[in-house]
Amino acid sequence: MSLFQSLNISASALTAQRLRMDVIASNIANADTTRARLVNGQWEPYRRKMVIIEPRSGSFSGYLQAALGRADGGDGGVRVREIVDDPAPFKLVYDPDHPDASADGYVRLPNVDPLKEMVDLIGATRSYEANVTVLNASKGMLMKALEIGK
Amino acid sequence: MALFSATIGWLEQGLRYAALRQQAIADNIANADTPGYKAKDVRFQTELERAFRLEAKRTNPKHFSFPNEQNGKIIVTTDTTVSYNHNGNSVDIDQEMSKLAENQIYYNALIERLNGKFTTLKTVIKGGK
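Going down the list, the protein sequences come from chains A and H. Going by this note's numbering, the first sequence opens with residue 1, and the numbers climb by one from there. Going by this note's numbering, the second sequence opens with residue 1, and the numbers climb by one from there.
In case anyone wonders, no lab produced these hints; they're calculated from the structure. Relax, there's no trap hidden among the hints.
Here are the simulated SDA-like cross-link-like pairs (lysine to any residue), alpha carbons at most 25 Å apart as the crow flies:
1. A:Lys144 to H:Trp10
2. A:Lys150 to H:Tyr17
3. A:Lys144 to H:Ile8
4. A:Lys144 to H:Thr7
5. H:Lys38 to A:Glu129
6. A:Lys139 to H:Trp10
7. A:Lys49 to H:Asn87
8. A:Lys144 to H:Asn108
9. H:Lys117 to A:Gly140
10. A:Lys139 to H:Glu102
11. A:Lys144 to H:Gln104
12. A:Lys139 to H:Met97
13. H:Lys38 to H:Asp79
14. A:Lys150 to H:Gln13
15. H:Lys117 to A:Leu142
16. A:Lys150 to H:Tyr106
17. A:Lys116 to H:Pro35
18. H:Lys122 to A:Gly149
19. H:Lys117 to A:Ile148
20. A:Lys139 to H:Ala101
21. A:Lys139 to H:Asp41
22. A:Lys150 to H:Glu12
23. A:Lys139 to H:Gln104
24. H:Lys38 to A:Phe4
25. H:Lys38 to A:Asp120
26. A:Lys139 to H:Leu114
Chain A is faced by these chain H residues, among others (derived, beta-carbon under 7 Å):
27. Ala19
28. Gln23
29. Ile29
30. Ala30
31. Asn31
32. Ala32
33. Asp33
34. Thr34
35. Tyr37
36. Ile111
37. Phe118
Between beta-carbon pairs, the in silico distance windows are:
38. A:Ala67 to H:Pro61: 26 to 32 Å
39. A:Tyr94 to H:His86: 31 to 37 Å
40. A:Arg18 to H:Gly127: 56 to 62 Å
Note that CB positions come from ideal geometry on N, CA and C, so glycine has one too.
All chains, full assembly: derive it from the sequences and hints.
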């Protein structure tokens, strides 16, 4: 049943986009966190997290469909491979009164750029909406298929 | 199937095509943000490809033929030539959304036609009553 598979594919995309939104929310929430991790007795600021997504593949049915020529490998859909840290350097801000300021008065702040996060957030929202549209389309087609012979 | 003419079989074939196409479109839109993903499409196999198809040698009419007639006509293709995005993704979201709308209408039209066919048959069975 290809149409049920369509629903699964769209659902996997909704999951992935929601996770992206969660990670973006975490980044924005921690935009000023200076004590995220204790490294060698010293506090390190929060590091921006990034989501890596990839096409879903690897199941038996995926390979079977590929062998039958009905799909080109993979089950269809998308999954989150992993969440990685952004290796970009921390922001340095001069603030001698800050409790985490170094001897020369500079504070290391997270490498989170709120502007970038907002752009990513809009992208994730739009993708989520597009996938909801696809889900509704597939659902409508399934409901229509139930009308055959009525 | 001989009783009901071949039309129902063709319509069914069309429905299978539309359902598979829906799956490909859903996959493309799901992977609209995936780096390196290439868009898929579904099409009926061309007459040329069908001409080269392997046919089973049948010495007895009771032998089964290769089931190509039902399964081999619809194929999934991947377009690896274009890339609309700097990360190697080739999904054109506007095109996919319009294909989605088109496919939905096509599917619904096939079902309407199928229902029309059954209604006609019912009229025949009831002798026009």
